[in-house]
Amino acid sequence: MKCPFCGEENTKVIDSRPAEENNSIRRRRQCEVCGKRFTTYEKVETIPLIVIKKDDNREPYDRSKIERGIVRSCHKRPVSYDQIVSTVEEIEAEIFNKEEKEISSNEIGEIVMDKIKELDQVAYVRFASVYREFKDVNTFMDELKKFLN
Numbered sequence: 000m001k002c003p004f005c006g007e008e009n010t011k012v013i014d015s016r017p018a019e020e021n022n023s024i025r026r027r028r029q030c031e032v033c034g035k036r037f038t039t040y041e042k043v044e045t046i047p048l049i050v051i052k053k054d055d056n057r058e059p060y061d062r063s064k065i066e067r068g069i070v071r072s073c074h075k076r077p078v079s080y081d082q083i084v085s086t087v088e089e090i091e092a093e094i095f096n097k098e099e100k101e102i103s104s105n106e107i108g109e110i111v112m113d114k115i116k117e118l119d120q121v122a123y124v125r126f127a128s129v130y131r132e133f134k135d136v137n138t139f140m141d142e143l144k145k146f147l148n
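So for the sequence shown, numbering that gives the first Met the number 0 puts the first residue at 0; every next one is plus one.
Hints in this document: simulated from the structure, not taken from any laboratory.
One or more hints might be untrue.
[Unchecked claim] Only pairs whose alpha carbons sit at most 35 Å apart, straight line, appear in this in silico DSBU-like list of lysine-lysine:
| no. | residue 1 | residue 2 |
| --- | --- | --- |
| 1 | K144 | K114 |
| 2 | K134 | K116 |
| 3 | K116 | K100 |
| 4 | K116 | K42 |
| 5 | K114 | K97 |
| 6 | K134 | K1 |
| 7 | K64 | K114 |
| 8 | K116 | K145 |
| 9 | K42 | K1 |
| 10 | K64 | K42 |
Given these sequences and hints, build the entire structure.
Written out as structure tokens, the structure is:
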């Protein structure tokens with residue numbers, strides 16, 4: 000690692016510890032030439048993921064969209080924010096474990112629906128009503144029947 004102060008390449012790690020909820024490693028380093036200390040972070044590089052939308056447009060994967068959708072569907076339900084974050088992490092793990100560069104928004108939606116079903120039944124119905132774009136009460140009832148079976 001190059002020293003940001005003098006540009007020397009000989010630096011040593013003097014302290015190392017987990018950071019960002021164990022998603023990265025924080026390292027304190029010291030330059031062997033000028034003696035100055037600095038901090039670096041080491042993080043696993045993930046595959047950039049592209050989401051293929053319903054209209055065939057492509058956009059970069061955005062975790063916050065999944066989180067917002069789940070938060071909205073869990074509004075005024077007995078679901079803690081920690082449960083929501085845990086669910087989003089499970090969804091992300093499933094998405095990234097596919098190790099694909101592109102994924103359809105439909106596939107993501109199905110994964111989200113499966114995880115929300117485990118989280119809260121009312122939240123599941125709320126999410127499904129938006130995701131499946133129910134046009135009338137009959138399509139809503141059809142989804143409820145599938146859920147109850």
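Now the hints, each set against the structure:
no. : hint         : in the structure
1   : K144 to K114 : holds (18 Å)
2   : K134 to K116 : holds (21 Å)
3   : K116 to K100 : holds (27 Å)
4   : K116 to K42  : holds (32 Å)
5   : K114 to K97  : holds (16 Å)
6   : K134 to K1   : violated (60 Å)
7   : K64 to K114  : holds (15 Å)
8   : K116 to K145 : holds (12 Å)
9   : K42 to K1    : holds (17 Å)
10  : K64 to K42   : holds (23 Å)
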